[in-house]
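*Asks:* Listed here are the chains, written in short residue letters.
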Amino acid sequence: MNDIQRRIEVLVAILTVLVIISLIGMFLDSSAIMFLAAPVIVAVLLYLSVAEVPAGPDRTAAAAAIHVFNLAHAAVWIGILVTLQVHEATFWGLPPASGLLVYVFWPFSAVAASLLYAYVSKRTGLIDRLEQSETGEPAAGAAPEGA
Amino acid sequence: MNSHTLILLITLVYLGLMLGIGLWANTRMKSSKEFLVAGQSLGFFVMAIASFSSIQSGWGMVGVTGTTASWGLGALMFAIAGPLAFALTWFMLGGKLRAIARRHQAFSIPDLIRVRYQNRSVTLWMSIALVVGTVGYMTAQVVAAGFITALLLGIDFATALVIGAVIVGLYTVAGGMLAAVWTDLVQGLLMIAMSVGVFFLTLGIGGGWTATLETLNSAAPEVLQLDGVRSGAWIVANTMMIILGMIGQPQLIHKFLMLRSTRELRWGALIASVGYGATTLFSLGLGLAARAEIVQGNMTEPSNPDDIVNSFLSQYMHPVVTALALTALLAAIMSSASSFITIGASAMTRDLLGSFGITLNRELRWNRIASVVIVGLSVFVALFLDQIIYLLGAIGWSAFAAAILGPIVVGLYWRRGTGTGALTAIITSLLLNVGLTIVTKEGWWTPPTGFFSGHAVIAVGMVVYVAVSYLTQNRADQTRFDAIAEPEARQQPVQITPDTEARA
Numbered sequence: 001m002n003d004i005q006r007r008i009e010v011l012v013a014i015l016t017v018l019v020i021i022s023l024i025g026m027f028l029d030s031s032a033i034m035f036l037a038a039p040v041i042v043a044v045l046l047y048l049s050v051a052e053v054p055a056g057p058d059r060t061a062a063a064a065a066i067h068v069f070n071l072a073h074a075a076v077w078i079g080i081l082v083t084l085q086v087h088e089a090t091f092w093g094l095p096p097a098s099g100l101l102v103y104v105f106w107p108f109s110a111v112a113a114s115l116l117y118a119y120v121s122k123r124t125g126l127i128d129r130l131e132q133s134e135t136g137e138p139a140a141g142a143a144p145e146g147a
Numbered sequence: 001m002n003s004h005t006l007i008l009l010i011t012l013v014y015l016g017l018m019l020g021i022g023l024w025a026n027t028r029m030k031s032s033k034e035f036l037v038a039g040q041s042l043g044f045f046v047m048a049i050a051s052f053s054s055i056q057s058g059w060g061m062v063g064v065t066g067t068t069a070s071w072g073l074g075a076l077m078f079a080i081a082g083p084l085a086f087a088l089t090w091f092m093l094g095g096k097l098r099a100i101a102r103r104h105q106a107f108s109i110p111d112l113i114r115v116r117y118q119n120r121s122v123t124l125w126m127s128i129a130l131v132v133g134t135v136g137y138m139t140a141q142v143v144a145a146g147f148i149t150a151l152l153l154g155i156d157f158a159t160a161l162v163i164g165a166v167i168v169g170l171y172t173v174a175g176g177m178l179a180a181v182w183t184d185l186v187q188g189l190l191m192i193a194m195s196v197g198v199f200f201l202t203l204g205i206g207g208g209w210t211a212t213l214e215t216l217n218s219a220a221p222e223v224l225q226l227d228g229v230r231s232g233a234w235i236v237a238n239t240m241m242i243i244l245g246m247i248g249q250p251q252l253i254h255k256f257l258m259l260r261s262t263r264e265l266r267w268g269a270l271i272a273s274v275g276y277g278a279t280t281l282f283s284l285g286l287g288l289a290a291r292a293e294i295v296q297g298n299m300t301e302p303s304n305p306d307d308i309v310n311s312f313l314s315q316y317m318h319p320v321v322t323a324l325a326l327t328a329l330l331a332a333i334m335s336s337a338s339s340f341i342t343i344g345a346s347a348m349t350r351d352l353l354g355s356f357g358i359t360l361n362r363e364l365r366w367n368r369i370a371s372v373v374i375v376g377l378s379v380f381v382a383l384f385l386d387q388i389i390y391l392l393g394a395i396g397w398s399a400f401a402a403a404i405l406g407p408i409v410v411g412l413y414w415r416r417g418t419g420t421g422a423l424t425a426i427i428t429s430l431l432l433n434v435g436l437t438i439v440t441k442e443g444w445w446t447p448p449t450g451f452f453s454g455h456a457v458i459a460v461g462m463v464v465y466v467a468v469s470y471l472t473q474n475r476a477d478q479t480r481f482d483a484i485a486e487p488e489a490r491q492q493p494v495q496i497t498p499d500t501e502a503r504a
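These protein sequences, in sequence, are chains X and S.
Going by the numbering used here, the letters in the first sequence line up with residues 1 to 147, in that order.
Going by the numbering used here, the letters in the second sequence line up with residues 1 to 504, in that order.
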């Protein structure tokens with residue numbers, strides 16, 4: 001078993017455990033378990049999607065971007081969880097948790113993750129390599145390997 | 001010209017345009033490849049708009065608007081997380097699935113299952129899951145179409161339901177997936193424009209965004225609190241169903257198979273995400289505006305949340321706005337329905353029969369016959385199953401997601417995944433989905449407050465796939481994984497014929 005397969009093994013195992021935890025959270029009606037499990041599940045899926053990218057500076061740059069995204073994403077979920085029971089204060093007319101959802105999570109969800117994909121797919125050569133494997137020709141404007 | 005004639009005219013122009021696209025696509029239809037994957041000819045913009053509009057459905061717009069008005073902002077959380085799920089789908093499947101599908105000439109989900117597992121039973125059960133999911137999801141669309149068409153044409157619900165189903169059936173049967181994606185493009189752009197317009201117009205009734213929030217804060221604060229009506233765990237379970245489930249939706253996966261080039265992938269996620277995010281404005285604006293009017297005693301609350309959209313629009317909006325808004329909702333319904341009809345037809349003819357070793361001559365004709373059967377089944381179920389649109393949609397969504405998430409999404413990355421694991425996961429999740437629907441509908445089991453069956457079905461399917469695959473590891477499945485994953489496989493595509501499966 002090579003390094004890539006070992007990495008995927010670990011990620012699949014973590015994903016399975018997290019999904020089981022979310023099932024338990026649902027049965028226990030625990031907001032805390034559910035709100036904490038959700039962003040971690042998203043993070044594991046993102047790491048799984050780039051697990052096969054060969055090691056190198058591009059992989060490191062892409063991984064750094066994914067780390068930053070995951071931290072920001074988790075912060076929003078934790079923010080919503082922490083303010084779930086705060087009903088006195090308002091955030092632009094909404095209770096704080098709802099305000100975070102509508103004013104922060106919505107634009108974040110609509111734009112950030114897709115921009116991350118555009119960056120990661122280009123930086124890791126994910127699309128260019130696939131194009132090359134389909135056509136047998138280097139993709140136009142493709143960055144050289146490891147550039 | 002009176003208001004009813006005006007509404008009728010706008011509706012007929014829209015429906016005429018859709019049928020026109022269906023007939024145009026019919027002239028370009030030469031083989032089942034055109035019918036199933038639009039000849040693999042799409043650019044990124046058309047593909048991305050078609051992706052979001054086939055995901056944003058009657059469930060998402062009519063159902064969620066009703067539940068937002070009834071259950072508050074908590075009901076909207078999953079829709080707000082939806083765009084994130086698009087990006088996740090591009091990450092997980094965009095390149096990898098497309099490369100494998102292209103290499104092995106896979107045109108459908110069961111084709112991918114054949115390539116990955118070469119096991120006739122897995123293909124058979126995946127086809128059954130797709131047919132069940134298609135009928136479940138189509139039923140939600142047909143019910144939503146019934147509500148809208150009844151108002152547009154001023155006729156009773158049952159007749160309206162049949163008329164709506166016949167129209168979408170006609171253009172899909174005529175033009176297949178090619179008609180579906182081009183109508184999706186028109187419908188997607190219409191949905192975005194009308195959602196933005198409806199957001200401002202509906203909130204304007206209560207004095208704008210701030211004034212509407214103030215009304216709700218003083219008269220019904222629970223509507224604005226995320227867990228004011230439904231528990232926090234339940235809301236997140238819904239959201240997880242969307243995030244995990246989106247990656248397993250066949251109408252989205254099929255779009256990756258239709259792209260003309262891998263290069264088209266890069267900006268598609270952004271367009272689909274922003275498009276979907278914009279259409280959520282419809283549910284947010286109309287849902288909150290309707291609740292504000294109800295709590296002030298200006299509007300009577302309908303007994304069925306699905307009636308909120310119709311009631312609000314007909315009471316407060318100018319007939320032209322009402323007609324355009326309802327046409328946009330019809331667009332949402334039809335754009336999803338047309339993809340499902342094609343996918344369900346493919347599962348019935350090419351895949352279900354193929355797994356019994358039967359190959360049909362004149363496949364295109366049989367695809368069209370199967371499309372009619374799918375529409376007929378959906379109308380039948382819609383007339384006899386008494387559920388709100390939101391729950392019907394969740395049943396179909398989770399049926400697809402549970403069957404596809406483990407065997408396809410994880411299976412394309414994970415070398416240990418086995419055919420037995422895939423088979424067990426598909427059967428378990430299918431039975432669990434049907435079982436939970438029956439026991440909760442009949443009142444034989446009362447679920448805990450935070451329990452949402454859609455997420456439970458997807459999660460159990462995923463866990464079963466991993467657990468059974470661990471227990472049934474074998475060299476043959478791993479060799480097969482290596483054969484489709486490694487570049488050498490480009491030289492020797494896996495032949496996806498029933499004979500290959502029989503030997504496996």
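Hints are computed from structural coordinates only; laboratory data are not their basis.
Please note that the accuracy of each hint is not assured.
What the hints assert, rightly or not - Partner residues aside, some chain S positions facing chain X, computed with beta carbon under 8 Å:
hint	residue
1	219
2	220
3	237
4	274
As the list claims (entries may be wrong) - Listed below are the simulated SDA-like cross-link pairs for lysine to any residue, each with C-alpha atoms no more than 25 Å apart in a straight line:
hint	chain 1	residue 1	chain 2	residue 2
5	S	96	X	32
6	X	122	S	19
7	S	96	X	115
8	X	122	S	261
9	X	122	X	30
10	X	122	S	431
What the hints assert, rightly or not - Cβ-Cβ distance ranges computed for the label pairs, FRET-style:
hint	chain 1	residue 1	chain 2	residue 2	range
11	S	221	X	103	15 to 21 Å
12	S	476	X	32	30 to 36 Å
13	X	65	S	211	49 to 55 Å
14	S	446	X	7	22 to 28 Å
15	X	57	S	369	52 to 58 Å
16	S	446	X	24	16 to 22 Å
17	S	478	X	67	38 to 44 Å
Beta carbons are placed, not taken as given, at the ideal position from N, Cα and C, and that holds for glycine.
*Asks:* When the nearest CB of chain X is found for residue 237 of chain S, is that gap smaller than 8 Å?
*Replies:* holds, 5 Å
*Asks:* Could you tell me whether the CB distance from residue 221 of chain S to residue 103 of chain X stays inside 15 to 21 Å?
*Replies:* Check passed, 18 Å falls within 15 to 21 Å.
*Asks:* Do the numbers back the hint for residue 274 of chain S, that is, is its least Cβ distance to chain X under 8 Å?
*Replies:* Holds - the Cβ of residue 274 of chain S comes within 8 Å of chain X, reaching about 5 Å at its closest.
*Asks:* Decide if the proposed pair is consistent with the structure: residue 96 of chain S and residue 32 of chain X, CA atoms, cutoff 25 Å inclusive.
*Replies:* violated, 34 Å
*Asks:* Is the interface hint satisfied for residue 220 of chain S? The criterion is a beta-carbon contact with chain X at less than 8 Å.
*Replies:* Status violated, d = 13 Å.
*Asks:* Using the Cβ atoms, figure out if residue 476 of chain S sits within 30 to 36 Å of residue 32 of chain X.
*Replies:* Violated, since residue 476 of chain S and residue 32 of chain X (Cβ atoms, about 44 Å apart) do not stay within the stated range.
*Asks:* Hinted pair, alpha-carbon criterion (25 Å max): residue 96 of chain S, residue 115 of chain X. Please report holds or violated.
*Replies:* holds, 19 Å
*Asks:* Please verify whether residue 122 of chain X and residue 30 of chain X have alpha carbons no more than 25 Å apart.
*Replies:* Given pair residue 122 of chain X, residue 30 of chain X is violated - Cα atoms ~40 Å apart, limit 25 Å.
*Asks:* Do the beta carbons of residue 478 of chain S and residue 67 of chain X sit within 38 to 44 Å of each other?
*Replies:* violated, 31 Å
*Asks:* Between residue 122 of chain X and residue 431 of chain S, does the CA-CA distance stay at or below 25 Å?
*Replies:* violated, 42 Å
*Asks:* Given residue 219 of chain S was flagged as interface, is its beta-carbon under 8 Å from a beta-carbon of chain X?
*Replies:* violated, 14 Å
*Asks:* Range first: 22 to 28 Å. Now tell me if the beta carbons of residue 446 of chain S and residue 7 of chain X are that far apart.
*Replies:* violated, 43 Å
The structure fails hints 1, 2, 5, 6, 9, 10, 12, 13, 14, 17 (numbered hints given earlier, in ascending order).
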